[in-house]
Amino acid sequence: MSIEFMLFCAAVAAYFISMIAFIISFISPKEKMAKSGICLIVAAVVFNGTSLVARWVESGYPPLTGVYETLSLFSLFIALIFLFILKKGWIKREVLGVSVIPLIMVFMLIGLINYSEAGTLAVSLRSIWLFIHVPIAMLSYSLFAVAAVCGVLYLLKGREKEEKTRLPELKVIDNMVYRSIVAGFILLTMAIVTGAVWAETAWGSYWSWDPKETWSLITWFVYAIFLHVRLVRGWRGKKTAVIAIIGFVAVIFTYFGVNLIGGLHSY
Amino acid sequence: MKKVVNIIASMKFALVILLLLAVFMIVGSFLSSDIFTNSYLLAVLSGLLLLSLLLCCIKQVAKVIGGIKVSGDRGIRVWISGFGSPVMHIGVLLIIAGMMMGQFTGFSDDISLAAGDTYSYEGLDFEVRLDSFGIVYDENYNITDYISTVTVIEDGVEVLTTEITVNDPLEYKGVKFYQSTYGWVADVLIVDTETGETFLDKDIYLSLISSTSGIGLADYSMSYMTMEFVLLPDQEEEGVIGSLTPEANNPSLFFRLYYGDMLMISEDTSLGETSEISGLTITFEGLERYSGLEVSCKPELPLIFTGSVVFIAGLIIVFYVRRPVNRGQEEAEIEH
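Line by line, the protein sequences give chains H and B.
In terms of our numbering, the first sequence opens at residue 1 and continues consecutively.
In terms of our numbering, the second sequence opens at residue 268 and continues consecutively.
Simulated from the structure, these hints should not be mistaken for laboratory data.
Take these hints with a grain of salt, some might be off.
Interface residues of chain H toward chain B, partial, derived using beta-carbon atoms under 10 Å [to be verified]:
1) L103
2) M190
3) S205
DSBU-like mimics (lysine-lysine), calculated; alpha carbons at most 35 Å apart, straight line [what the hints assert, rightly or not]:
4) H:K171 / H:K92
5) H:K92 / H:K30
6) B:K326 / H:K238
7) H:K88 / H:K30
8) H:K239 / B:K330
9) B:K326 / B:K279
10) B:K269 / H:K239
11) H:K239 / B:K279
12) B:K279 / H:K238
13) B:K279 / H:K171
14) H:K238 / B:K270
15) B:K440 / H:K239
16) B:K469 / B:K440
17) H:K171 / B:K440
18) H:K32 / H:K88
19) B:K469 / H:K171
20) H:K238 / B:K330
21) H:K239 / B:K270
22) H:K171 / H:K88
The beta-carbon is built from N, C-alpha and C at its ideal position, and this holds for glycine as well.
Isolated chain H (complex conformation) (with noise of 0.2 Å):
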């Protein structure tokens, strides 16, 4: 077994343990196992991180292709999007680590399935804008999942009791839905523009309706009508953390579907 895989599973441990503490500590609210659930992400931020580093070096080429690498990365850029939200301090660490660690214990799930040896790096990969376009692709995507689970947070608490609620005041987590969503709006769109420069110099071709371009266009869309309805037409709260929500099934979408239509970016 090499030893990026060996830090895989050890990363996917590390999330797996974090969230149960979490879980534990969400029913039952308890200061140690919150406290472990932290260090555990920690050490899975890590484990990840360096098995990232350690594929690139046996590989010789950036860790930014295929289902289980893109999907390390996804986990990684969310992860790091947790702890920095848990150093703000906008959400109790108990609840953001039941909504977001699942999400990442999915991911990195479906990245072991799909786990396979890196092999040759195609040659119209191989290029400067691997670099730029895939990261910038990625965290875009952590952000939208960010804003999605925020905005499923702010549908359960528009349903839960007032006295008994630990979900954050409905305002914070409303704020916290609009700003994932403009910095990932901004990387998305940067990812495209990237995107289009590299289909340009390797293709030839800046756009050509592939699957993958469609749907990241169409994903944008929804962005957009979300930040013109919450900015023009003042719209707020469940409608819009609805949107945020539709908005990530087309992240999904543009992620995972387009491999079942196929197309130029069968990487």
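Given the structure of chain H, go ahead and fit chain B onto it with the hints provided.
Just chain B now, with coordinates in the frame of chain H:
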């Protein structure tokens, strides 16, 4: 008239168009990509979006200019942030305008050149000659690069010799040449065995069915028959269709002839040898690689590039110049 203009310039109208475009694309992504390039609906929707954006930009710019005096004492950041939205929308406007312009200008062409072949295109005042083409493999025959060495010739004078590789096209006078594919060119001579008359003397371009085996395929139709050619660059064993490596170490060619619904298969023919099939003598005279290049001229590129940069700059101004992100908490200020 004013009412119509107001409706088109409204954000509601633009968002409805965006929504319709999204629905159209969702449906289209499950069909074929041709639906996008040849669709009137897409053209109409993009046209309406362009119009709506144009009117909205005019309104926004007018508003910002009108508001300069009012906001004069509110600080430079506030003043700059006022430009964010119009700048952003002008960026999108340029991108859409560029894409629409691309439908009517420029050209693209797929070409296959063997070494020594020259490409010319009506309206271009230069030619491009392929000097050589090579493939770089690693030890497992995974391709690490394709290299076409080309020379640009203008009025009979060689002006430039350069290499084209994947991710590194040649650009000359606004026309770009990309390395897109490669294959085999087999020099085949077919003569009538009885009369000795030449039946076919042609370079057959075979495209690859797999890059690791290097096996090439081509068919050639004549009025009453179709010929199929299968090339094995490094034949494992006589009579077997298989190739050890993608390099031309032991090339061999198979023919299949279809006369209506009759099929005849030749024996494998090594390079320089002949074989007979149905009264025809086939000679496999030569083999080389061809380089597949994509030629494209897109005058709209600077417009789209500028639009993208302007758009991202506008986005950053809107969301980050004034105060990090918190705009969402404030009263709506952007009038679409």
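A quick look at each hint next to the structure:
| no. | hint | verdict |
| --- | --- | --- |
| 1 | L103 | violated, 23 Å |
| 2 | M190 | holds, 6 Å |
| 3 | S205 | holds, 7 Å |
| 4 | H:K171 / H:K92 | holds, 15 Å |
| 5 | H:K92 / H:K30 | holds, 13 Å |
| 6 | B:K326 / H:K238 | holds, 31 Å |
| 7 | H:K88 / H:K30 | holds, 21 Å |
| 8 | H:K239 / B:K330 | holds, 29 Å |
| 9 | B:K326 / B:K279 | holds, 15 Å |
| 10 | B:K269 / H:K239 | holds, 32 Å |
| 11 | H:K239 / B:K279 | holds, 16 Å |
| 12 | B:K279 / H:K238 | holds, 20 Å |
| 13 | B:K279 / H:K171 | holds, 26 Å |
| 14 | H:K238 / B:K270 | holds, 33 Å |
| 15 | B:K440 / H:K239 | violated, 52 Å |
| 16 | B:K469 / B:K440 | holds, 33 Å |
| 17 | H:K171 / B:K440 | violated, 56 Å |
| 18 | H:K32 / H:K88 | holds, 20 Å |
| 19 | B:K469 / H:K171 | violated, 75 Å |
| 20 | H:K238 / B:K330 | holds, 32 Å |
| 21 | H:K239 / B:K270 | holds, 29 Å |
| 22 | H:K171 / H:K88 | holds, 16 Å |
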